[in-house]
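There are 2 protein chains.
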Amino acid sequence: MTLARPNIARIEGYVPGEQPQEAGWVKLNTNENPYPCSPRVVEAIERAARGRMNIYPDPVSTSFRRAVGELFDIDPDWVLPANGSDENLTILLRTFVDPGELVAYPYPSYILYETLADLQGGAHERLLLNADWSWDLEKVRERTDRNVCPTKLLFVPNPNSPSGNRWDDETICSLIPPQGLLVLDEAYGDFADEPHRMELLKGEYGSRIIVTRTLSKSYSLAGLRLGFAIAHPEHIEQMRKVKDSYNCDTLSLAAGTAAIQDQQWMLDNTAKIRATRSRLTAQLRELGFEVVDSQANFVWSTHTEHEHRTLYEQLKTRKVLVRFMQFPESKVDGLRITVGTDAEIDTLLDALQDIV
Amino acid sequence: MTLARPNIARIEGYVPGEQPQEAGWVKLNTNENPYPCSPRVVEAIERAARGRMNIYPDPVSTSFRRAVGELFDIDPDWVLPANGSDENLTILLRTFVDPGELVAYPYPSYILYETLADLQGGAHERLLLNADWSWDLEKVRERTDRNVCPTKLLFVPNPNSPSGNRWDDETICSLIPPQGLLVLDEAYGDFADEPHRMELLKGEYGSRIIVTRTLSKSYSLAGLRLGFAIAHPEHIEQMRKVKDSYNCDTLSLAAGTAAIQDQQWMLDNTAKIRATRSRLTAQLRELGFEVVDSQANFVWSTHTEHEHRTLYEQLKTRKVLVRFMQFPESKVDGLRITVGTDAEIDTLLDALQDIV
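Just so you know, the sequences run in chain order A and B.
Residues in the first sequence are numbered consecutively from 1, following the numbering used here.
Residues in the second sequence are numbered consecutively from 1, following the numbering used here.
Please note that a few of the clues may not be correct.
Identical chains blur together in the list; that is why a pair holds if it fits in one copy or across any two.
[Unchecked claim] List of simulated lysine to aspartate or glutamate pairs, EDC-like, C-alpha gap at most 16 angstroms:
#1 Lys139 / Glu125
#2 Lys319 / Asp333
#3 Lys241 / Glu12
#4 Lys241 / Glu114
Read the hints as simulated data drawn from the structure, not as lab findings.
Starting from the given sequences, assemble the full structure and let the hints guide the process.
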């Protein structure tokens, strides 16, 4: 019999998307950026590697927080860097959610929120989205406002995954749980046509919202594991107690600072991805797919005449990996397709043309 | 009023040793290795940085686990890499300790165990060591064996910090809590004259012990944040559910694999440190200090005629940083001095000669 906590022993654990370690795949399944990171990032890593790797990193990530502060015109005390955005999500649970307290999130969305709530021993609730990916605000309020077990954290990925749609600021503010905090997960924020620049944090509800960001997607640095939270310092102060002292390493802090300071590189790549996204959306529709208008670096596609799992498998035999996802409670399934390079998307579309 | 959990709001958080970011310090306060990491590590980082940083790392760290497995002649399924040894300590708490369950550790030792127990909402108990740093085994058994709230995890750093002494295998085995696990924190294991090579895990009590190791100290990679746990796969399997999917990044996995594969570099540096440790110990004793025989890369020194805090401060004005530590419950305080290069130790000894 295992000595693990019962809520650990009984769960499966989160299963990330397939990560084939060999080359040769057209990999459109985990929303990575197909373009390389900035050469300035590579230089920064090389410089740091030749530096003092034998010494601990700056435990409060001063340079990186300053770079993020300058980018969004906020005080660095509002910034908490972490070992990937995932670590900040974990830190949020461990900071704010006691056993039995409620964590809510839209459904379908990022299923990791549920795993993290389980790990922490929190209760969790799926807030079912409408079929057009909008919120049923009345129903949400019924559930988040109640007095017994009110929502402590409401996670809202915006743009949402797997759908790629983006909710407006008014909707976001109306979702803030009266006795808790709203976590605005902006992992895909930079791919929106008009990215959020922390306006919500500077507004009326600024102390009720925690924004999380990652360098994995828009900055082409999924391999680096660096993300950051932005929130009122009263929240950051509590979260900092929970993080490991040296949660970010010397190389990632140097690389991340260089990446943030090379905005043009990121903007050029996200612009390319937005252009390819438009073309992909149009061509999938021509092939008979229904495609949600996306503000992210992926599109959600469904087809009325084909089984999505079969499509996924047929693509896989052609070494094209997309993500087959199913959300039984909403009776939704489909393919989430990352926007790759134009050449990768051509390979995908050629394959789909054969198949459908 | 903060929305943080009460057990977060009321604690201060762990305070790591001072990390001055500017050069010019003789830094003997956080047990870093004064020698640079292997050049093969630097090459591995540079190669990885020029590779596919836009892609997620291998979520199960295959190459690194294989390298560790070869080193200790164990199956890679026994290995769990983490973002520094600290992350594995956190993962252990989150995997095995439910709110109110008991975490025990020797005192004086690494005070982080207590912070981690607080963060998790576990109960904690300090097992007071004898004045000569040995265990009062009878007293320990009274407290770990009891039926109401038995010890779930017993953390034993070996060599111990701040003392630097090392307990023998028989003592370690006799400490295993009857209803829990013993975590053998071997952060300083490679500095022992005869390092442990996982013999305990291969023996009779192998499934009751979890070993944690780090590359921060012996491999001169504190800046990298990479550590690993070694334990029976039944424990590793549960711990893996708790870790973030991509807890180790591409650069640290490449670097760590290269470091493990360049044993000679590590062995040469630890040999140099052991030689300097002998000299430092002898010369501190000549200056009137009592020094514990150390099997780590630091020594614990006390002086009957001087206030330790004052000594620490006087050294600091000379830009020599050591660690002043106090353990009120044991009425113990003193200086923990990292074994630096010979030149650094000469600077320290010259300064002390002036002072005492």
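Status of the hints after comparison with the structure:
Within a single copy, Lys139 and Glu125 get their C-alpha atoms as close as 12 angstroms, which meets the 16 angstroms cut-off; across copies the closest is 46 angstroms, which misses it. Neither within a single protomer nor between protomers do Lys319 and Asp333 lie at most 16 angstroms apart by alpha-carbon distance, with minima of 22 angstroms and 63 angstroms respectively. Taking identical chains as interchangeable, the C-alpha atoms of Lys241 and Glu12 lie at most 16 angstroms apart only when they sit on different chains, with a minimum of 7 angstroms there against 29 angstroms within one chain. Taking identical chains as interchangeable, the C-alpha atoms of Lys241 and Glu114 lie at most 16 angstroms apart only when they sit on different chains, with a minimum of 13 angstroms there against 23 angstroms within one chain.
Violated hint for the displayed structure: number 2, the only one.
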